Each structure stands twice: as C-alpha cells, then as structure tokens.
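**Q** So you can see what is in the structure, the chains are spelled out below.
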Amino acid sequence: MDLLLLFDYIGTFVFAISGTLTAAEKRLDIFGATMIGFVTAIGGGTLRDMMLGDLPVAWMRTNNYFWVIIAGVVVTIIFKKIVIKLKHTIFLFDTIGIATFTLLGLKKALLFQIDPAMAILMGLSSAVVGGVIRDTLCNELPLIFHREIYATACIAGALIYLFLRHFAVPEIFCELATVITIIIIRIVVVKYNIALPRLIIKE
Amino acid sequence: MDLLLLFDYIGTFVFAISGTLTAAEKRLDIFGATMIGFVTAIGGGTLRDMMLGDLPVAWMRTNNYFWVIIAGVVVTIIFKKIVIKLKHTIFLFDTIGIATFTLLGLKKALLFQIDPAMAILMGLSSAVVGGVIRDTLCNELPLIFHREIYATACIAGALIYLFLRHFAVPEIFCELATVITIIIIRIVVVKYNIALPRLIIKE
Amino acid sequence: MDLLLLFDYIGTFVFAISGTLTAAEKRLDIFGATMIGFVTAIGGGTLRDMMLGDLPVAWMRTNNYFWVIIAGVVVTIIFKKIVIKLKHTIFLFDTIGIATFTLLGLKKALLFQIDPAMAILMGLSSAVVGGVIRDTLCNELPLIFHREIYATACIAGALIYLFLRHFAVPEIFCELATVITIIIIRIVVVKYNIALPRLIIKE
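Residue numbers (UniProt numbering), protein chains in the order written: chain A, 1 to 203; chain B, 1 to 203; chain C, 1 to 203.
Worth double-checking, as some hints may not be accurate.
Once the Cα atoms are required to be at most 27 Å apart in a straight line, the calculated DSS-like pairs of lysine-lysine come out as [what the hints assert, rightly or not]:
#, chain 1, residue 1, chain 2, residue 2
1, C, Lys26, B, Lys26
2, B, Lys191, C, Lys26
3, A, Lys191, B, Lys26
It is worth saying that the hints were derived from the structure and are not from the lab.
Please read all numbers here as calculations on a predicted model, not as lab measurements.
Modelling step: build the complete structure from the supplied sequences, incorporating the hints.
**A** Have a look at this one:
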C-alpha cells in the first residue's frame, strides 16, 4: 500500500520531468514548461476522476502532488544537463510511473463499479492521457499513437490483475504481478525496438 | 425509444469507423487507431456528461458502447478497402449518428434543467466534439470549423424539437422530426456543396 | 460583488471577441468562429468546475453567459474592422477579464476547501485555459506558453489575495488589490515587453 503511494509520487515526479523536457525542446518559457510539466503529471488522473465523478479530482485533495510536480520541474530546469544524461534512469522510473498509474486507475474504476473492460481503459488512460495532452499542447502528434507500444504493456498488466483477482489471489500479489508485468514488457519492447504495425490504407 | 437506442449504437459504430480511418491516414499504429476510434465515438458524450455532472459518464455504465466501438475499429482494420468503398453508406449512417447524438444530448440537458439555448449547445457538442478531438489529436484543424456545415443541421434539428415540444406535440413526433430534419439538411448540404461564408479579416 | 459580476461579463465578452478574431485569422467559417469564441470564453471556467465538481458547470446555470458570448461573436463579425482598430481598448478589457477570472477561480477553489497552493492554480487555469484551448484547436502552440507572461501577473495577484486575507483584511479590499495588481503587472509587462527566459536545452 505504502509502496504503491511511493511509486505514485515517483511516477508523478518523472512525468513532470518528461513534460518539462518536451517543453524545453519546443523552446517554451519557464511558465509554459511548468504548465506542461503539470498537465503531463496530472492529466491522466484528472480525466479519470472527472469521468468517474470522484470530485474534486484526487490530486487536489492533498498538496503532496503539487509539490512533487514543482520539484520535478525545478530539478529539470536547474540540472537540465544532468537530467538529460540520466535518461536510462528516467526511463526506468517513467516505466514504474506508467505501471503504477495503470494499476491505480484500474483499481479506482473497479471501486466505482465500472465493468472490467472499461476499467482497463481507465487504467490505460490514467497512464497515457498526460502524455497525450503534453504532445497535443506542444503541437505534436501524440507519441503514444505512433511510436512506442507501452499501451500494450499497460493492457497486459491490467489483464493479469483481473485474471489473478478473479482467482482470489491476495491483493498484494495481484498488484505486484501487474506492476512487474508492465515494467518487463515495456523494457523488452524498447530494448528490441518492437512496434505495432502501422495502419496504412491506400485509396 | 428502442429505435433511438439502436440509432445511438449505429452512430457510435460509425464514429468509431471514422476515427479509425482518420488515424490510418495519419499512419498511426493499431493502438493509436483504436484510441482515436474511441475518442471520436465517445468524446462528445463524455464532455456532455462531465459538464452536466451525470457521472460516471453514461457510456461507462454499460459495456455495450465499449464492444460496439471495438467492433467498429476491428471491422475497419480488417475490411479497410471495403469500408472505404462504402463511403456513401457510411455517410448515411454517420448522419444518422449525428442526428441521434444531437437529439440525445439535447434531451439529457433539458432533463438536467438546462436552459434551452444551452441545451441546444449540449446537443451540438454531443454530436461534434468527438470529431473535434479526433482532428486535434491528429494535429489537424478540426474539419467542422472550416469545411462542412453539419453543425447548422444539428442546430436546426434542435430548434425543431424545442418548437414542437413547446406546442405539446407527442415526444415521438418531436424526435422523428428532429432526426429527419438533421438528416435531410445534411444530405442537401453535402450534395450541393453548400458552405458557410468564411470569416476573413484583412488588417 | 456586483462589480465583480459586471467584470465577469466584460471578461466573457472580450474573450469571445479574442476567440473570434483568432478563428478569423485561421479563415474558419462563421460556425467555427462562434465555437472558438465560446470555448475561449468558457473553457477555463468549465475545466475548473469539472475538476472541482461544481456541476452542471456554472455558466450553464444561467443563460446570461450564453448571450454575452453570442453578442461578442456577432459584434466581432459585423464590426470586424472597428474591433481590430480598438485593440488597445480590447487589451484593457481583456486584462480586466483575466484578473476577474483569476480572482473568481481562486475564491471558488477556496470555497471548495482546496489547499491555497492549488487554489492559485485553479484561479490561473480559469484565466488561461480558454486561450490554451483556442490556440490548440486552431493548431497553434498556445500563446501563453511562449510569448506573454500574463500568467505571472495572475499568480502575483492570487498571492496578494491570500496574503491580505490571511491578515483578515476585508474581502472587498482583498479583491480590489488582486484585480489591480494583475492589471498593473500585465500592462507594465506588455509596455516594456518583458518576457520570461526561454528554457533551452542543448543536447
């Protein structure tokens, strides 16, 4: 439980870094970078909570997320060269964040009595929507729609969770299996450069 | 009533197809195409429900919409050449979808005691917001803002509904008149290539 | 109180004008321009209310905002040359709008028991999100992320409000100080062309 919360903060922190870095590539000013850092970190959870009706949205009910995000943005601005060099470490933490966000979104949707098929979708969108908004605001085609298949990892992880839970496996093992599945798939995918087929329609 | 529900599913199915086709033009991968199919189909209803406070959003309370959308995406991916050739049929079903979404959005807003002027707006946005999100995510200027005047058809249909209801015309006739008005206007508009004047400001 | 409401309508009116003008630059049709006028004017408040859970969103509970926006759009379309020439006046009213939206967003968030740090964020997003959606829909990099620092003005104004309120200064003075601070900072910033440093990362 506490570990999950820690992972949640780690994910928020790393998502804020990724938003700030994307903003820097677009040569935004410091305010713009901070805003992109914020929407990247909380975009997915915000949409999830607005759709489920868990309002005010969860991240606004404590100020922890706020300061974690500010820390992510400030660290990126001050130590930008170091942050860029640490890209393997960031990739690992980013993957932990994605796995955690998926799991938390899935669990919350189930708590709200949402059908498992759509609960998976809620888990997925908790993990990916922040990045989609980041890319859209930066006027880019969202990365997740055409490059990397981490969404597939999230879906696989969510299915594992539902499968194990169905057989009454203790919650802690369901959660561990989910997070580990997502992390392993994503690392394998990136290492071997696996991509989903593009959808090409010739008229 | 049941017919309206059937039309709602038809609209959802066709909107999912249209999203998938747009994604294919942008050479997204299969996951990206599925996501675009989803947001096109449920984007309008989701925003409407989030604004009205009908939460969790309606399409998540049953899994029917989920599977209708998946079907639309899968059919498009497998039979893409056939789907493209059927464009006149798709256009017809798309128009039925738009008409139905407008009517359902309007009715729901009135149920939530929203003033008729804004209930029209809710009907309209139920019908068009999915397409706007689709185009924005695909990094295009939303089609509806500069090309086709189907929004005008939706507004006309909504006005007909309010007008007839004001004179206590039975609900079923109000609904039929609305849907038929929207369908006819849109077909005429497309057939004769009618467009709204562009707003050009020379400085 | 009444003055604040008047300012709110002025802001809504001017935001609708700014949306319509941006749409005209993009050569959208009249419907598209009206829609952009709408989202510019109500986008910030809508997101704020959806995040806080104040539903249906506030501007839909009366039809005043609807007609103020329609008026803004129509005036812009009919008197477009005059509107463009009045840009200094519009700038002033736009600034009043930004200041008012910030104050109202901040106050509402505090009313919903949101922590001050995030209440500032809610004030800020009430003021800027409409413009961000406008630019994103028009396929532009949002202006506020890279050009003008009016966000800084909003944050400064919000801090003044919290500071004065902390020392039990009467509400009316807190509000006046906030609005005046935001207006003055923004005018100074634009007059002397002050910009935040860009975030540039060389790899």
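**Q** So, for every hint listed, does it hold in this structure?
**A** Quick rundown of the hints versus the structure:
no. : hint               : verdict
1   : C:Lys26 - B:Lys26  : holds (22 Å)
2   : B:Lys191 - C:Lys26 : holds (26 Å)
3   : A:Lys191 - B:Lys26 : holds (26 Å)
In this structure, every one of the numbered hints holds.
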